[in-house]
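Engineer: Each chain, written out:
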Amino acid sequence: MIEWVARGLRTGIVTSRYPRRPEEPPRGFRGRIDVLRPEHGDAALTGICPTGAIAVDDARRVSLDRGSCILCGLCVSADPERFAFGRVYETAERRRASLVAGEPPPHDLHELRQTLGERSRTLRRSIHIRHVDTGSDGGEEWEIQALTNPYYDIQRLGFFFTLSPRHADILLVSGSVTESMRAPLLRAWEAMPEPKAVVAAGTDACSGGLSAATGVTAGGVDRVLPVDVYVPGSPPSPIALLHGLLLATGVLNDEAAA
Amino acid sequence: MSDTPQSANRLRLVVADPHELLAPQLAVVEASPPGERRLRVPLARIDGALEALVRHGGRLSALFLVSAPEPSLLAAVAFQGDLLALRAPLEGAREYPSLSRVTPAALLPERELHDLHGLVPVGQPDLLPAVPPDPDTFPRRVVGDQTFVIPYGPIRSGVFESIQYVIETAGEDVLALQVRPFFKYRALERRFAGVDLDHAVQIAERVAAIAGVAHATAFCQAVERALGVEPTRRAQRWRVVHAELERIANHLDVAVKLAEDAALSVGAARFAVLKEQIQRLRAGLCGSRFGRGVLATGGLAAGPLLEPKTVLATLDGFERQLKRDRRLLLRTASFTDRLIGSGTLDRDAIDDYAGVGPVARACGVAADARFERPYGAYVRVGGRISTVDDGDAMGRLRVRLFEIGESLHIIRQAFERLDKYGPELRAGVPASDGAALGWAEAPMGEVIYWVEVANDRVGTLRISSPSLRNWPLFADAFRGDVLTDFAFIEHSFGLTPAGADR
Chain A
10 MIEWVARGLR TGIVTSRYPR RPEEPPRGFR GRIDVLRPEH GDAALTGICP TGAIAVDDAR
70 RVSLDRGSCI LCGLCVSADP ERFAFGRVYE TAERRRASLV AGEPPPHDLH ELRQTLGERS
130 RTLRRSIHIR HVDTGSDGGE EWEIQALTNP YYDIQRLGFF FTLSPRHADI LLVSGSVTES
190 MRAPLLRAWE AMPEPKAVVA AGTDACSGGL SAATGVTAGG VDRVLPVDVY VPGSPPSPIA
250 LLHGLLLATG VLNDEAAA
Chain B
3 MSDTPQSANR LRLVVADPHE LLAPQLAVVE ASPPGERRLR VPLARIDGAL EALVRHGGRL
63 SALFLVSAPE PSLLAAVAFQ GDLLALRAPL EGAREYPSLS RVTPAALLPE RELHDLHGLV
123 PVGQPDLLPA VPPDPDTFPR RVVGDQTFVI PYGPIRSGVF ESIQYVIETA GEDVLALQVR
183 PFFKYRALER RFAGVDLDHA VQIAERVAAI AGVAHATAFC QAVERALGVE PTRRAQRWRV
243 VHAELERIAN HLDVAVKLAE DAALSVGAAR FAVLKEQIQR LRAGLCGSRF GRGVLATGGL
303 AAGPLLEPKT VLATLDGFER QLKRDRRLLL RTASFTDRLI GSGTLDRDAI DDYAGVGPVA
363 RACGVAADAR FERPYGAYVR VGGRISTVDD GDAMGRLRVR LFEIGESLHI IRQAFERLDK
423 YGPELRAGVP ASDGAALGWA EAPMGEVIYW VEVANDRVGT LRISSPSLRN WPLFADAFRG
483 DVLTDFAFIE HSFGLTPAGA DR
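Chains A and B, in that order, are what the protein sequence lines are. Under this note's numbering, residue 267 is the last one in the first sequence; the count climbs by one each step, no gaps. Under this note's numbering, residue 504 is the last one in the second sequence; the count climbs by one each step, no gaps.
If we strip away everything but chain B, and leave its shape as in the complex, we get (with noise of 0.2 Å):
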């Protein structure tokens, strides 16, 4: 284990165009925004499509039900660096073979477009009711006299978001873990149906409030993407400034919930005043401690409330005291003790379950949007994904440790240039029509936005949020684990369930 996680070298396979690579899937290229890929393929055939791509290292990234250009079944695959958007129509028809067969991480997208939409994926094995969830029926996964469950939540102990966790185990040995989301469903996605661009923001800002910017980047990029406007260069730069300001306070708040479970009372204290500094900053910086109502639809829709220099100075003092916190807590074997080891997971179930964000990284797994698929100002600035091959809670923390200095490197970077760029913070938006995904990195991983646009308001609007793409890893972590590790497992992974319930 060295002090510093290396950045990774993503190996690039060389394979075939994907079109070749699917003629047999008779895949049909349609026309697309810059750095989407778009094929089409019959809907009997999109199982096969998914095979060829993923057995070339492709992940499935979202799995969507679309209206434009007619009603399909989209599958976004992050592939070789591109985003494939893989189309089935739908024809009238409301079964398909099920992808599960294909990658395990289709199975909540099924069971989700089963209960809210009636579609039926054939052959999938687990199509027990998602959405909305019973807190007091669930199936039992382990068979035995001596075993019981203990059904943790919707309502946690602690001042924590609903989530249900059936836990089967014979006393201490953690058995079986179902994770139950969606206690939290808001039907957001039916929302923003016929809302006009700029009410629109307001509702991906409040998807999920920790990952806020990043949802509202995800948005603004998909519709800026499907209608071929450019956000103005010093809109990008400080777009990017505000979502690594809230990078560094998710991953903060990660570190202080890890020593708060260890026990770590003025390790938790220190961290928290470094995250109430990063909160305060925000809230100096947009009148919002969460980032809001700085972006819109082409740029920004207000400009910043301090200089740059008054930032860098704030961040100047924030990293000194960081760097004497890090070296502590990471010397601190109490603490230290209760996270090697635990919760962890290896390469093949990231690859499998398409993980992302620092859960894919703390196995090193290179998975970052803000560098394989530049967008936005993080085309002109840089950065290293910083990846360790542990996969267990200590890895993931490292990895977050590490990125809020990388985040603070990123922030120096965006405002070096700042006054070169023209005072316009918002660009034109005319009023067309189009549909096109967006992404950002969130904190916890990349969000996905699918946004069809048609004069200036949002038609069908679809969300795949790294919350709900991880959670199924969660039960994977603890094979071999004890229940006292849980607090451990479950904050290393950082996840929110209003992201994932939506």
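So here's chain A without its partners, still in its complex pose (with noise of 0.2 Å):
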């Protein structure tokens, strides 16, 4: 035993700071994806998107829900003057309708690292996580477990994963909510005490995703269950998972207070 010590002793510290510094994604990362150009679309590039996220107005303005978008990347190759890989980790919103792109972005990112660092300084109590998968690829769930590893180490920010609801104070939902997966979800919700907050993670639990299109799913967490935050991706990295918990905690903060 004393030799695994040995061990994690040399491994040194390899732990994100974040939120208090920024996290750098490699060159060429899959965060989102851009609009780069919304003007003068042609309504053939809503038939590039296997999951119909690009959407062409009257006016030709071209915009991409993020909340769909499985990051295939097929639209960037199609056009790449019009479409790019966003480098960020950050992408999750309060609001399903914030993650349409080709709008004006929605908030400053200094500006909201810096809440969100304050945020995880000020955390009173510890907050607890109850994780359901409701039909995911399997993706979701590697991701989260990545966060407890020492790169993520979550626990350093107050964050624990309980196996109870009933301790739970964050539903963190991956998957587009299947007919099997339908009871037992709504079952683990009504558990959990309040303030709670619910987490789509994943575009599955954003939007149901490639099975929205087949119609035995839910097509979306929020069919099912009212959803506070979004976080969008196919699967959404560990630090986008950890930026959407930070942004439920203030929904918490905001719950306790009313």
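The hints are simulated quantities; they were obtained by calculation from the structure and are not laboratory data. Backbone N, C-alpha and C define an ideal beta-carbon position, used for all residues, glycine too. Don't take each hint at face value.
Said to hold, decoys possible - The list that follows gives simulated cross-link-like pairs (lysine to any residue, SDA-like), each with its CA atoms no further than 20 Å apart:
id, chain 1, residue 1, chain 2, residue 2
1, B, Lys325, A, Glu12
2, B, Lys311, A, Pro35
3, A, Lys205, A, Ser173
4, B, Lys325, A, Ile11
5, B, Lys311, A, Gly37
6, B, Lys325, A, Pro35
7, B, Lys325, A, Arg16
8, B, Lys311, A, Thr20
9, B, Lys325, A, Pro193
10, B, Lys325, A, Ser173
11, B, Lys325, A, Ala15
Unchecked claim - Beyond 12 Å from chain B on every Cβ pair, some chain A residues (computed):
id, residue
12, Arg19
13, Pro47
14, Arg104
15, Ala155
Given two chains presented individually in distinct reference frames, assemble the corresponding complex, making use of the accompanying hints.
Structural biologist: Next up, the structure:
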């Protein structure tokens, strides 16, 4: 056992200091899709996207719903002048409508990071998370599990995973809500005490993603439960999930104050 | 128990040609792409035909309802290094002789075909509805006053995918265990229908995220074989690199979970650090931590973002750390004691259920699609199939730890001749028609796709996933084990419900 201790010490500190310090994604990282040029769009652009995330309105303005986007990059290869991968981790939003790209950004990223940093500093109690998979592809689970590895170590911010929904403050839901998972999901949510927040983790949870078209799933968590924070991504990276969880603590604070 | 698993020499029975073998079943040879042999039999004779193949060492790999060239039942059988496609035209019939009498490997596929497509296997003893499952109703298998049921799942204790285990126990011993998949059924096979090939690859990558490269490879190869396309050499080599990185990440994930189960905190943290290094390398290589957006029919969708020498340097550093952690892990008695003798399977169970992947290889069965039926660059790069005979959770872990080393070896070989090949990433795919099987060895075992293509669009598509094929063995592994072994046995299997449920 002493050898493991030595092994652990030799590893040194690998832990991220997010949100106090920003985290830089690698070059070419598929964090989100940005619409570089929203004007003069052709209606044919909508056909590029496998999930129908691209829309062109009557004024030929192009928008892209990040809540439906699976980050496949087919639009980037088809029209690189117009679409590009955004090299960012922080993609979570409090409102579903804010996930639509092509609109002006809702907030300044630097300011947001400062607020989140303040929030994690002043967490007066620990936040407990219950995860429920309602039909994900398994990627979200790997990234949520990664949150407890030494690189992200969310315990340092006062987040803990709990087994019982009765102890949970945040319900972290992955998947598009299949028929068989609807009742178990509702039961877990009802068992949680107030105040509580629901975080939709991943594009499937935000909109149903690729499985929305089959009609056998609910097509997103907000069809079944009120969702407080949306974390799009296929799957969202651990930092994106952490960003979403920190946004959700704001929801809890607001609810507790009300 | 030796320290390194030996490479197994697969004993090959010398028997007659499958066509001659199946002559009594009136089998007719049909034209087929290379590596796949197609035989047509009457529907009423399909059980007899499968029985003859199984008796000569054949393993039922998939049971599909296909539409081309006509609605048929298709049994894919791994037989002496070939994949036999045994096709029986339905000719309007909705009933067929049950194949689970011949091999229990047909049990779950038959129930699925019944629930999703209304095909009735005549003589199947257990046709309880499987898809979609109801979490609150389940049949009891054990009768007795002192026994009770623990329904474990679909919401699990911890961050895990949804699946339900129904455990019947009298206190400590597990008397019976039923595995109930399909809680995550998303109708993805149906989602492929009518979709163009570039979009379809995106779906294949998202059937099971942790085996996404393998699924995309199986899909692309099915299309390429159906249309007679040869992907470029450069693309084939990069596909292997991505597939082996995926394998390494999965095997490390199993080590992390097992160490957590044994409360070996530093060990779990060390292997989690190694896994994160691989995931970050994958993100650097293609922008996605799951190798997404890399594959396309005919080759690759996008070129790598890192130079081979950067990848190799990262892997060298990774391997030095891995060797120390691996040695220490296998020497930690408080850890190995929980695995040795837990969840023991015997070879007969693997043969009966046609088990695949590390679960089969830990029972001495040298099943590995990369070497049995080499595809893509595996034809040119060599590796050893690692098998052990232990059959327990420890054996499965040893196979995995050994395979990480083999995967590194394969990646290095894949890079060796890369600069000799032309820069082309993608070969042209003609807009013609065809149908074929495609396969790839995922980290959890062989994944098989049946793809019908017409005018650049997918028609009927079927998936046989290693997770669904290995799950029945899970119940078998519990003979004589107690409740506290549950986590160790489950995680040593390393399966994914998303892949099984589809």
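Engineer: Does each hint fit the structure? Answer for all of them.
Structural biologist: Results of checking the hints against the structure:
Straight-line distance between C-alpha atoms of Lys325 (chain B) and Glu12 (chain A) comes to about 14 Å, which keeps the hinted pair within the 20 Å bound. Of the supplied pair hints, the one linking Lys311 (chain B) and Pro35 (chain A) holds, its CA atoms being roughly 17 Å apart against a limit of 20 Å. Pair hint Lys205 (chain A) plus Ser173 (chain A) holds up; C-alpha atoms about 14 Å apart against a cutoff of 20 Å. With a C-alpha separation of about 18 Å, the suggested pairing of Lys325 (chain B) with Ile11 (chain A) holds against the 20 Å cut-off.
The hinted pair formed by Lys311 (chain B) and Gly37 (chain A) meets the criterion: a straight-line CA distance of about 18 Å does not exceed 20 Å. Distance restraint check for Lys325 (chain B) and Pro35 (chain A): the Cα-Cα separation of roughly 27 Å exceeds the 20 Å cut-off, and the hinted pair is therefore not satisfied. In summary, the hint linking Lys325 (chain B) to Arg16 (chain A) is supported, as the alpha carbons are separated by about 12 Å, within the 20 Å threshold. Distance check on the hinted pair: Lys311 (chain B) and Thr20 (chain A) sit about 24 Å apart at the alpha-carbon level, beyond 20 Å; violated.
For the hint linking Lys325 (chain B) to Pro193 (chain A), the alpha-carbon distance of about 43 Å lies beyond 20 Å, and the restraint is violated. The straight-line distance between the Cα atoms of Lys325 (chain B) and Ser173 (chain A) is roughly 38 Å, outside the 20 Å bound, and the hint therefore fails. Note on Lys325 (chain B) and Ala15 (chain A): the hinted pairing holds, with a Cα-Cα distance of about 15 Å set against a maximum of 20 Å. With a minimum CB-CB distance of about 9 Å to chain B, Arg19 (chain A) fails to clear the 12 Å threshold, and the non-interface call is violated.
No beta-carbon of chain B comes within 12 Å of the beta-carbon of Pro47 (chain A); the shortest separation is about 23 Å. Look at Arg104 (chain A): its CB is around 26 Å from the nearest CB on chain B, clear of 12 Å, so calling it non-interface holds up. For Ala155 (chain A), the shortest C-beta to C-beta distance to chain B comes to about 6 Å, within the 12 Å cut-off, and the non-interface label is violated.
Of the hints listed earlier, those the structure fails to meet are numbers 6, 8, 9, 10, 12, 15, in rising order.
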